[in-house]
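Protein chains in written order, with our numbering: chain A, 2 to 218; chain B, 453 to 720; chain C, 2 to 222.
There's no promise every hint is true.
Pairs of lysine-lysine residues, derived as BS3-like cross-links and limited to a Cα-Cα distance of at most 25 angstroms, are as follows [as the list claims (entries may be wrong)]: (1) 588/B with 558/B; (2) 135/C with 213/A; (3) 17/A with 484/B; (4) 607/B with 590/B; (5) 590/B with 558/B; (6) 609/B with 649/B.
Chain A side only, calculated, beta carbon under 7 angstroms to chain C, not exhaustive [stated by the list, open to error]: (7) 35; (8) 159; (9) 197.
Bear in mind the hints are in silico, worked out from the structure with no lab data behind them. For clarity, every value in this text was computed on a predicted model and none was experimentally measured. Positions of the beta carbon are idealized from the N, C-alpha and C atoms, including for glycine.
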Amino acid sequence: MFETALTAKDLIFLAKGAGMTLVVTAISVFFGTILGIIFGVFRYQVGPWWAAPLTFVLDVFRSIPLLIQLVLANAFVTTVLGIRISGFTVACGVLSLYTAAYCAEIVRGGIESVPPNLRRAARSLGLSWGQDMTQIVMPLATRVALPSWIGLALGVMKDSALVYIVQVVELLKSTQILITRLQEPLFLLMVCGAFYFLISFPIARFGGYLEKRWSHD
Amino acid sequence: MKKSLLALAAAATALAGPAFADKLDDIIGSGKLRCAVVLDFPPMGSRDADNNPQGFDVDYCNDLAKALGVEAEVVETTFPERIPALMSGSVDVAVASTSDTLERAKTVGFSIPYYAFENAVVGRDGVDMANWEGMKGKTVGATAGTYEAIWLEGKVKEWGEGEFRPYQNQADVFLALSQGQLDATVSTVEVAEANVKSGNFGGIKIVDKAPMVPDYVALITLREEYGLINYMNLFINQQVRTGRYAELYKKWVGEGVPADLTIQGVYR
Amino acid sequence: MFNYNFRWNQALNSLPQMLEGALVTIEIALLSMLIGISVAILLTVFRLSGSRILNAVATTWVEIARNTPALFQIYMVHFGLGGFGIHLSPYLSLLIGIAFNNAGYLAENFRGALKAIPETQTRAARSLGMSAGKAFRHVVMPQMLRISFLPMTNQMVWAILMTSLGAVVAMNTDLYGVTSELNARTFRTFELFAIAAVIFYLITKAITLSARLLAARLFRY
């Protein structure tokens with residue numbers, strides 16, 4: 002099983018694909034989280050009625066397969082609008098919004114978990130809205146939200162396997178390219194799966210640990 | 453007065469200029485030709501030991517770029533993705549063994565043919581199949597969206613028995629065939645021979661020629677880019693005229709005479 | 002406004018075909034959930050059994066399902082098992098791939114739900130003379146399923162979304178497969194996939210709504 006035609010060069014090729022997976026994930030999680038926090042706070046602040054349009058749009062991102070979102074966004078931007086733009090940009094844009102849609106829910110849940118009385122107490126002590134948000138809500142909400150956020154980030158990493166559809170060569174796609182040449186599907190897929198697993202598993206465990214620890218006190 | 457009008461007209465032309473620049477100008481201006489090439493389709497497109505693109509189509513892309521005096525950039529696409537990639541502007545042309553079907557011509561612009569394939573039926577050892585009609589009632593597959601796939605799916609529907617499976621790329625088709633998930637596939641003779649010879653896929657054999665008209669393939673770009681299409685036509689003509697076509701045939705396909713790209717009794 | 006001619010007619014003509022595909026998509030998602038829930042219960046029992054081997058099996062399953070891409074899992078079911086001579090049709094490959102993923106995520110949800118059920122209940126049931134199996138079936142499991150109802154609804158939505166990955170195993174009768182095949186023929190990418198997106202949206206909305214109605218009926222007390 003370990004006799005393979007895989008060369009050091011192929012490993013570098015795979016590593017490049019893995020790098021692309023991580024880059025796309027990092028960019029999307031970064032922008033997605035910022036947007037998600039803005040959307041989440043906005044939704045909580047203005048109430049369900051005024052946030053309805055935003056809620057609807059975010060809901061769409063969670064109700065349509067990511068593959069279709071990518072195809073559609075790519076077709077819309079490049080064919081309908083006629084803008085020349087790389088597949089990488091489309092992939093990062095769509096994945097960022099996709100992340101934001103889930104992140105907004107997590108943020109909202111986090112804010113809602115902070116007891117209103119505590120916030121009223123803070124405000125009556127003379128804290129401004131901003132101070133209340135940063136000094137009271139953020140530390141408490143983060144405890145509730147962080148484990149889910151870690152889960153989301155890992156989910157985005159796994160979902161980034163779909164960006165091959167807009168010609169971005171990430172880990173799974175580079176694996177397929179090597180399979181085409183070397184014809185060792187099982188071995189190569191194991192390597193690819195192991196990579197995802199090795200990144201995801203420890204972080205997921207860490208998230209579980211945080212969740213357990215923080216839920217006790 | 454006349455002078456200022458002229459100046460105005462000149463200014464207007466200059467302003468409107470970029471809007472009228474066609475793809476041919478864009479390519480020359482940007483100094484880069486982006487070709488969609490399918491790289492799991494040896495000998496037309498594959499990857500070498502360093503995972504760099506190689507093959508007949510890759511060389512054609514390089515030749516075309518050289519003729520245009522620009523740099524070539526090979527963008528790998530699968531068969532089903534090559535036309536969407538072209539439509540979405542992520543590539544300028546597709547040098548991707550694209551069959552010149554009338555259905556596709558509604559969407560993209562074809563050059564004159566630059567190559568012609570014959571198709572072969574590839575079966576698995578141990579599956580009883582004397583000729584192409586032996587595929588009747590079997591589980592067959594091909595690469596989604598290709599000329600062969602459209603033909604084969606049509607046949608399966610016509611026979612009313614058996615099953616057709618469209619895989620996303622050529623490699624998956626042969627993988628499925630050698631694993632026994634498929635009983636047979638139809639692919640170009642070149643690809644079939646290369647895959648049987650390489651020994652990468654065990655237990656497969658060429659059964660018969662597929663009874664299809666020769667599969668003429670052409671370069672494609674956007675439908676409205678007449679300037680570029682015109683250029684590509686001349687390019688293909690020059691490739692044959694200068695002997696480059698025969699040379700690349702020998703390099704990638706082997707000994708023998710490359711397919712005739714003209715058709716008796718009709719203009720282009 | 003746009004330098005692009007929309008041709009909705011051509012795409013809308015394919016609507017009947019796409020709706021048929023939508024039925025297949027729903028069918029696969031439902032079946033994968035049924036299999037997924039059953040296997041997840043089994044995995045939960047494995048984890049509770051105290052046997053080290055069974056526990057390892059369950060843990061391995063859950064961690065692989067949760068830590069690798071679903072696309073990878075589905076591809077492995079088809080070509081990975083294919084390498085060992087186990088040949089599954091595209092339909093079955095997709096169904097089993099999604100069910101595998103469902104089972105992993107649901108088993109983890111069930112584990113979380115179990116924590117919310119006081120262990121004293123099991124002990125009380127045992128002291129009433131119920132066997133361990135009976136106590137699990139009649140006392141613990143109903144509560145576990147009820148607590149996990151919302152995560153199960155989410156997983157069902159995920160199952161619908163995951164059917165779109167079937168194209169890698171040559172699946173061409175589900176909504177995504179039908180759409181991409183139509184696209185390969187007509188190249189009206191935007192129109193076709195926009196319609197598919199609307200259908201997917203309606204399906205997922207229908208599922209969350211009916212789940213809410215079902216929950217209101219089931220858990221009235």
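- prompt: Which earlier hints turn out false for this structure, listed by number in ascending order?
  reply: 1, 2, 5, 6 and 7
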